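A.B. asks: Based on the hints, put chain B in the right spot on chain A.
So the chains spell out like this:
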Amino acid sequence: MQHKSTCSCSRRHFLRGSGLTLAGFGAASLFPTPLIQSAMAGNLENANKRMLFFFLRGGNDGINTLIPHGDPDYNTTNRPNLYIPNTSSIDLGNSFAHLHPAMADVMPMFDDGELAILHRVGYPNTSRSHFDGQRIWENGDPTQPQMFEGWLARYIAENALASGAPIPVITSQVTPPLILRGNEKFVNIANPDQFDYLDDDPNRSKYANAWRSVFTDLVGLEQYRPVLSQTGVKLVDTLDEYRSWDQENWRPMDPDNPTDELFPVDDQAIPHSKGFAAESYAFFRSLKICALSLLESDGSSNGTRIAGSQLGGFDLHDNQVQNGNPTGGRHAELLSWLAYGMRSLRIVLSGAAIDTRTYPNIWADTIMTTLSEFGRTSIQNGSLGSDHAASTVVFVGGGGVNGGVYNCDAGTWPAGIMFGDSGRYLPERTDYRAVMWEILRDHMGASPAGLESIFPGYTAGGLGAQELGIV
Amino acid sequence: MHKTSNYLFVLLALSVAVSAAAQVPGEVTGLQIDGSGTLTWDVTVDADDYNVYRGSLAGLAAGQPLRCHGDEIVGTSFLSAENPAPGQAFGYLVTGEGAGGEGTPGNSQGSERYMGGLCDPVMSHHMQLRLGYGLDEWTESRMAALGLDAYLAEQLDPASIDESTNTTLNDLLAVLEPPDSHVEYFQSRIVRSVFARRQFEEQVTAFFDNHFNTDFFEVFGYFLGIYPPCNDQGQPPWCDPDYPNEAIRVGAMQQFNDSFAYRDMAFNGNFRDMVEQMSLGPAMMIYLDTIVSTGGNPNENFPRELLELYMMGVDNGYTQTDVEELSRVFTGWRVCQKALANLDDPLAPCQAFYWIETGDWTANFDPTLHDCTAKTLFSGTPHETLIPDTCDGLGQPTAAGVDDVYLALDAIFDHPSTAEFISTKLLQRFVSENPTQPMIDAVVAVWNDGGNPAGIGDVRAVLTEIMAQGLLNPDLAGSKIKTPWEHVSSALRATRGNTDGISVLLDYMTRMGHLPGFNDVPTGFAEDGAAWIGTNNMLERQNYGRILGFYDPVSLPEFNSDVMGLLSDNGISTAPGNAEAIVNFFIDRFFAGSVTEAERQLAVDFLNTDPDGVPSDYDEARIREVVGLLLGYPHFMEQ
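Protein chains in written order, with my numbering: chain A, 1 to 471; chain B, 1 to 639.
By construction, these hints were calculated from the structure, which means they are not laboratory data. Just so you know, these numbers come straight off a predicted model, no measurement behind them. Quick reminder that beta carbons are idealized off the backbone N, C-alpha and C, glycines included. Keep in mind that the hints are not guaranteed to be accurate.
What the hints assert, rightly or not - Computed footprint of chain B on chain A; a stretch qualifies when at least three of its residues, placed anywhere within it, have a C-beta under 8 Å from a C-beta of chain B:
1. 179-192
2. 213-223
Stated by the list, open to error - A few chain A positions that, by computed beta-carbon distances, are all more than 12 Å from chain B:
3. Gly70
4. Thr87
5. Ala104
6. Pro124
7. Thr259
8. Lys274
9. Ala277
10. Asn323
11. Gly324
12. Arg330
13. Ala364
14. Trp413
15. Ser453
16. Ala465
What the hints assert, rightly or not - Pairwise CB distance ranges (calculated):
17. B/Phe260 <-> A/Gly469: 54 to 62 Å
18. A/Gly423 <-> B/Thr381: 28 to 36 Å
19. B/Ala399 <-> A/Gly416: 42 to 50 Å
20. A/Gly462 <-> B/Asn297: 33 to 41 Å
21. B/Leu407 <-> A/Gln144: 31 to 39 Å
22. B/Phe260 <-> A/Asn125: 34 to 42 Å
Here chain A stands alone, though its shape is the one from the complex (with noise of 0.2 Å):
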């Protein structure tokens, strides 16, 4: 299969090798060598600059998170089991938006006004279909949900950002997002604790060599050869940057609570005191990588700017949530992880950590944000939980963001919206390209010039206009 390429090479001149023998071998240096593969300069302006991602696979439920109490169309006639009062989540204070109230712990960075929380994103004609819509999601093309071709792996390839870093982008799941997939291979880490040559030095170093060289001088006619080469390099390389990390070492804990570890992996001789389930460990365990992969940058163009992973079990058509309890259940269990997970970031990207290393104070160069395929029915189905629906909720957070509450207060959120999509779903108000695009544009310095390249279409589909300005 031959996807979509970014290069629009222009065709030249076929010189074939005609008359050409045998005796033309000692000719070789009239030849060039075999191109591997060719480095742009890189983006100075905003080298520091950089970006989490994190994918809420399944759907979302954007009502139950961002609550619309202001709307009362969120109601128990609607919600029976899954409908949260308003004492039990938290106002937002604008008399409008609750979060629920799993989330708790990123309402310092709320109050502070570094969380952005969007309501209503989405796509024009949302897919139902998770891998259709996570792809959509993924690839920045709605019209095309079978093109496997990631917009921000287009985004790194138009601003060169890879160029000279080991680790320039890393993501941290059971394999790589397709938010990533192009022409150029980035690590993904399955195994944090895993990730190296089975072998210990000297012994590690010898097949280190080896295999470098072997990687290095690949050539041939075969069609891979070139990305095989590409690949077993950057393996190498990054084996040595990512050791030198000693990321099983590193346990930043929590100033507040100085027993409880930022990032619970394991389960520790003094229990975390969120009592988080073990299974929450793995997610952890990839934002401990992204947030050491950032603060491992140092400060120039020759870091990690671009961390990612995932969380998944959205997908709750039933057992959503407890039966009598709305603020229990697997749902809740995933949002606290969720809030944890993003108030740790910012404690350990500010420096403010209880840590036996010194990392610089990052914080206001970071934005982290949520991506989630769609968001689920405004009516609750027959077994706790809901269906797939339309638009949902991302969650921006930075030191530059314009923290607050988006697309959820009484002036955009108008009445009967939570059935204005076939009489079912919410429909979206701010596409997600305009959200990601505000973060590539106006935090990580995407140079305007390859927007259409990055999310075909955007101009045509008005999309400038549905940008909220929260960057």
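C.D. replies: Same frame as chain A, but now just chain B:
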């Protein structure tokens, strides 16, 4: 710079018997090329046919050996139609081949030219990797005995291959099939890929399993509700005293039954049979929600994927209206248990419970849940098909609605998009990720030939055409990337490995993200190599090779390689001072010799030095380490 070599390629590696009387052909002379890319050369004494080699000049300058480009060409001319990339140029070389073996490539600057990867071993290697999961010792000897053409013909007729003496496989399958759990089912698929002599049958079965992907956990979740735990209220057989083992077993059995059927139909049936097996199999009916689709409230999940993923290809000749019409067709279908004699009758009565000996899960058509009004597929096109109203005089559904599904499958099967899409995907899997239109057209022509034994869509006839295209073209060798499954299995086969289908290997396949039967995405696993190359995937492949080389049959009987036994039985001394021969043995075995001189020397040096790089005699552990090194070469990731 141009690299000269005094390394003499070992002709014995070709498995060609060199008779005393036969002469090795001399160097081919008079090689010329014209503007259209036609090579010509002089007739060479003692040559029956010729091999054409090609390389890019840049690659050759970097030490890359010539690649086989034309295999066993009869006559003294060959058309090399492809143009080199801009700024590049090709160089060519021709050798003669006769009863005495392959002739010399000639000298350059006083030394015989370096030739890594001669046509004969490269073509054998290519066939082994594309037909199956790479070479093992049975395959190697069988191919040597039959020759490539007859070996291919035999693989295309799996029933002709005797598995009765394959005790390794038979002993494992006696325990694993039919499976008692999803774990056993996984194991059975792995050990089949590693040990089966019917290698192509396993590859084809894996293709259709993946094409019609279902997720065990979805299926299992449904049966969990059917087989609840026994408690004070529950009594067997209505509950499971070993909860949730019965739900696990039944879930795995549904996937296994489909797989078993595809294995048969791929060589004795047509694609229409396969689609019906899949569509009305409990696994798919549960996985994509057919079992909740009801007249008045049809579910579009399966019908959309039937058109998009399983038959026609996305946006390839159908519309949203067709999805909706097809959704009404698939209303009223449920799963239940029926007596064994009734498994193929959707109208036969369901029974509440059967022991496995007397009944099984199957599809059931419930007319009361069916939309009996007429449906039209492909409306307004030459393929428009009316599926008639089956309501009675009062507008109520009747049992006649059961035929809707069969009529709809016929209509989609007859649509030309289906032949085109499936032919293309098969070509991508077995031949080239970028099949040309003439290649697709040739396969579609075979598909549409009603004279084949299984009629239109005869899968074996289609596969025969596909392999004829793919296996005879040396340019396609190495053009695809092994999936993780192919990678782990081919490494075991090449090292005389042993596996129980799960130890160590499951861990690595999990890390590489390739667990057949547990993929929750209907698209199945990717066929394109780009999806499988990343730093993480590459690290796990390299670590897997290292650990496979590390374990021997004594240290871990369930997962190991027999490196020392393999060397010993092939007459390669493991005493100190034989590093070249040891490395050459594995380079021939793993890569058909297709490496540069530098890549070969690197492994020799690895074997001849201690961990600090100081020259020292190797021991068994280091021989095993160099096997791990070579299994981590990029060449081993290609197929």
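A.B. asks: Now tell me, hint by hint, if it's right for this structure.
C.D. replies: Now for the hints, and whether the structure bears them out:
For the stretch 179-192 of chain A, the stated coverage by chain B is satisfied: 8 residues place a CB nearer than 8 Å to a CB of that chain, which reaches the threshold of 3. Evaluation of the coverage hint for the stretch 213-223 of chain A: fulfilled, as 10 residues show C-beta separations to chain B shorter than 8 Å, against a requirement of three. Chain B leaves A/Gly70 outside its interface by the beta-carbon criterion, the shortest separation being 33 Å against a cut-off of 12 Å. A cut-off of 12 Å between C-beta atoms confirms that A/Thr87 is not in contact with chain B; the least separation is 36 Å.
The claim that A/Ala104 lies off the interface holds: its Cβ sits roughly 32 Å from the closest Cβ of chain B, which is beyond the 12 Å cut-off. Distance check for A/Pro124 against chain B: the nearest CB is about 15 Å away, which clears 12 Å, and the non-interface claim stands. Against the 12 Å criterion, A/Thr259 stays outside the reach of chain B, whose nearest CB is about 33 Å from its own CB. The Cβ of A/Lys274 sits about 28 Å from the closest Cβ of chain B, beyond the 12 Å cut-off, so the non-interface label holds.
No Cβ of chain B comes within 12 Å of the Cβ of A/Ala277; the nearest lies about 19 Å off, and the non-interface call holds. For A/Asn323, the condition that its CB be more than 12 Å from all CB atoms of chain B holds, with the nearest at approximately 17 Å. At roughly 22 Å, the least C-beta separation between A/Gly324 and chain B is larger than 12 Å, which holds for a residue marked as non-interface. The claim that A/Arg330 lies off the interface holds: its Cβ sits roughly 15 Å from the closest Cβ of chain B, which is beyond the 12 Å cut-off.
Separation of A/Ala364 from chain B is adequate, the least Cβ-Cβ distance of about 30 Å exceeding the 12 Å criterion. Every Cβ of chain B is farther than 12 Å from the Cβ of A/Trp413; the closest lies at roughly 30 Å, confirming the non-interface assignment. Distance check for A/Ser453 against chain B: the nearest CB is about 19 Å away, which clears 12 Å, and the non-interface claim stands. Every CB of chain B lies more than 12 Å from the CB of A/Ala465, the least distance being 29 Å, so the non-interface label holds.
Checked against the hint of 54 to 62 Å, the pair B/Phe260 and A/Gly469 passes, with Cβ atoms roughly 60 Å apart. Separated by about 32 Å at the C-beta atoms, A/Gly423 and B/Thr381 satisfy the suggested range of 28 to 36 Å. At roughly 45 Å, the beta-carbon separation of B/Ala399 and A/Gly416 lies within the given 42 to 50 Å, and the hint holds. Between A/Gly462 and B/Asn297 the CB atoms are about 36 Å apart, so this pair conforms to the stated range of 33 to 41 Å.
The hinted window of 31 to 39 Å between B/Leu407 and A/Gln144 holds, with their beta carbons roughly 33 Å apart. In this structure the hint that B/Phe260 and A/Asn125 lie 34 to 42 Å apart at CB holds, the actual value being about 41 Å.
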